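Chain by chain, the residues:
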Amino acid sequence: MKTSEEIYNILKEKFGEEVILNLNTTEPIDAIIEVNPSKINEVSKFLRDSEELKFDTLMLLSGVDDANGTKVKDENEIETIQGGTLSVYYHCHSMEIGHKVALRVATPRENPQVQTVERIWRTADWHEREAFDMFGIKFLNHHDLRRILMPDDWGERYPLRKDYVDPEYYNGIKIPY
Amino acid sequence: MGLLDKEFNDGNIVITKTEDLLNWARLSSLWQLTFGLACCAIEMMAASASHYDLDRFGIMPRPSPRQADVIIVSGTVTLKMASRVKRLYEQMPDPKYVVSMGSCSNSGGPYWNYGYHVLKGVDRVIPVDVFVPGCPPRPEALIEGLLKLQEKIRHEKLTKQTA
Numbered sequence: 001m002k003t004s005e006e007i008y009n010i011l012k013e014k015f016g017e018e019v020i021l022n023l024n025t026t027e028p029i030d031a032i033i034e035v036n037p038s039k040i041n042e043v044s045k046f047l048r049d050s051e052e053l054k055f056d057t058l059m060l061l062s063g064v065d066d067a068n069g070t071k072v073k074d075e076n077e078i079e080t081i082q083g084g085t086l087s088v089y090y091h092c093h094s095m096e097i098g099h100k101v102a103l104r105v106a107t108p109r110e111n112p113q114v115q116t117v118e119r120i121w122r123t124a125d126w127h128e129r130e131a132f133d134m135f136g137i138k139f140l141n142h143h144d145l146r147r148i149l150m151p152d153d154w155g156e157r158y159p160l161r162k163d164y165v166d167p168e169y170y171n172g173i174k175i176p177y
Numbered sequence: 178m179g180l181l182d183k184e185f186n187d188g189n190i191v192i193t194k195t196e197d198l199l200n201w202a203r204l205s206s207l208w209q210l211t212f213g214l215a216c217c218a219i220e221m222m223a224a225s226a227s228h229y230d231l232d233r234f235g236i237m238p239r240p241s242p243r244q245a246d247v248i249i250v251s252g253t254v255t256l257k258m259a260s261r262v263k264r265l266y267e268q269m270p271d272p273k274y275v276v277s278m279g280s281c282s283n284s285g286g287p288y289w290n291y292g293y294h295v296l297k298g299v300d301r302v303i304p305v306d307v308f309v310p311g312c313p314p315r316p317e318a319l320i321e322g323l324l325k326l327q328e329k330i331r332h333e334k335l336t337k338q339t340a
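So the protein sequences, as listed, match chains A and B.
Read in order, the letters of the first sequence are residues 1 to 177 in my numbering.
Read in order, the letters of the second sequence are residues 178 to 340 in my numbering.
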């Protein structure tokens with residue numbers, strides 16, 4: 001069993017400060033290791049294959065809109081967020097050793113791109129599709145990045161973003177109440 | 178109800194109006210489309226099962242829209258599902274009836290404001306005869322709704338469809 005601090009130190013020694021950015025211990029349950037989004041696949045592979053870590057399970061992969069950009073109102077009083085980041089959180093568990101770790105990657109809101117981990121944990125396939133569906137985060141090298149829940153003809157709209165506004169109509173059906 | 182007013186006194190002859198006979202036939206064998214969308218569907222199944230026994234009203238599930246008379250929209254209709262619900266309705270032969278079951282199907286329910294994916298009432302895509310409120314409605318409530326539908330069919334006119 002390793003604590004998040006120990007795992008953070010192992011990763012930092014292996015990958016350096018360019019890739020393993022910091023350790024956030026202010027959150028109540030898990031300490032969160034922040035990782036460079038273009039190297040998350042390599043970090044994940046190491047987490048899975050390393051003899052002392054053996055993270056064989058990805059419990060959860062979820063997108064988050066940090067909403068930390070500047071809020072801008074257009075002429076119709078509709079608020080949009082510009083700048084800031086979208087995040088992806090990874091919660092890994094080792095069945096064999098029994099320890100857990102949480103990772104976070106932050107990617108710019110205007111062009112959110114994260115390396116895929118679907119080949120490392122197959123679970124991530126649909127989870128990444130959901131994060132793409134709800135937040136528009138592009139997972140690079142994902143073999144089948146389509147919407148998973150919303151209709152295929154939904155367009156370039158991502159409903160769980162904080163500045164999402166319902167369209168008036170979808171295929172001729174009025175949406176607002 | 179008009180159909181059996183003359184009883185069977187005259188050598189097995191029943192005298193009635195065509196309208197009454199047709200309406201009686203229709204309301205006495207309402208085959209519902211086997212179709213569930215969410216938790217309301219569980220209550221609908223309970224209503225069909227032995228304890229509440231919808232079959233005593235001649236209402237039984239039919240797993241094909243081509244042979245169904247009534248569609249019970251039981252649950253949250255998402256925008257993605259709306260076109261499918263509409264298609265199922267269109268595949269049913271006339272005369273056909275719609276029961277909207279539960280808050281979601283009636284008006285969007287708990288998703289009425291922030292549900293980006295929910296149709297705010299199934300009457301936006303198909304015409305509804307009876308709305309059954311509840312979240313979910315108990316089987317008794319659904320049965321009440323179906324009895325209301327039967328009442329509606331009983332007073333249909335041949336010349337003018339009201340239900």
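To be clear, the hints were calculated from the coordinates, so they are not data collected in a lab.
Worth double-checking, as some hints may not be accurate.
Now the in silico label distances, taken between C-beta atoms and shown as ranges [what the hints assert, rightly or not]: (1) B/219 x A/160: 25 to 33 Å; (2) B/228 x A/49: 50 to 58 Å; (3) B/228 x A/93: 51 to 59 Å; (4) B/216 x A/177: 15 to 23 Å; (5) A/166 x B/199: 26 to 34 Å; (6) B/222 x A/80: 39 to 47 Å; (7) B/222 x A/160: 51 to 59 Å; (8) B/267 x A/167: 33 to 41 Å; (9) A/64 x B/260: 25 to 33 Å; (10) A/66 x B/324: 28 to 36 Å; (11) A/166 x B/244: 35 to 43 Å; (12) A/76 x B/194: 53 to 61 Å; (13) B/267 x A/160: 49 to 57 Å.
Given the structure is predicted, the values throughout are model-derived calculations rather than measurements.
Just so it is clear, CB atoms sit at the ideal spot from N, CA and C, and this is done for glycine as well.
Structure-based check of all given hints:
1. Roughly 28 Å separates the CB atoms of residue 219 of chain B and residue 160 of chain A, a value that falls within the hinted 25 to 33 Å.
2. Under the hint 50 to 58 Å, the C-beta atoms of residue 228 of chain B and residue 49 of chain A, about 56 Å apart, fit the expected range.
3. At about 43 Å, the CB distance of residue 228 of chain B to residue 93 of chain A disagrees with the hint of 51 to 59 Å.
4. Between residue 216 of chain B and residue 177 of chain A the C-beta distance comes to about 21 Å, which sits within the given range of 15 to 23 Å.
5. Our hint of 26 to 34 Å for residue 166 of chain A and residue 199 of chain B is violated, since their Cβ atoms are close to 45 Å apart.
6. The given range of 39 to 47 Å is respected by residue 222 of chain B and residue 80 of chain A, whose C-beta atoms sit roughly 45 Å from each other.
7. For residue 222 of chain B and residue 160 of chain A, the hinted distance range of 51 to 59 Å is not satisfied, since their beta carbons lie about 32 Å from each other.
8. About 25 Å separates the C-beta atoms of residue 267 of chain B and residue 167 of chain A, a value inconsistent with the hinted range of 33 to 41 Å.
9. At roughly 31 Å, the beta-carbon separation of residue 64 of chain A and residue 260 of chain B lies within the given 25 to 33 Å, and the hint holds.
10. At roughly 53 Å, the beta carbons of residue 66 of chain A and residue 324 of chain B sit outside the given window of 28 to 36 Å.
11. At roughly 38 Å, the beta carbons of residue 166 of chain A and residue 244 of chain B sit within the given window of 35 to 43 Å.
12. With their beta carbons about 60 Å apart, residue 76 of chain A and residue 194 of chain B fall inside the hinted range of 53 to 61 Å.
13. For residue 267 of chain B and residue 160 of chain A, the hinted distance range of 49 to 57 Å is not satisfied, since their beta carbons lie about 33 Å from each other.
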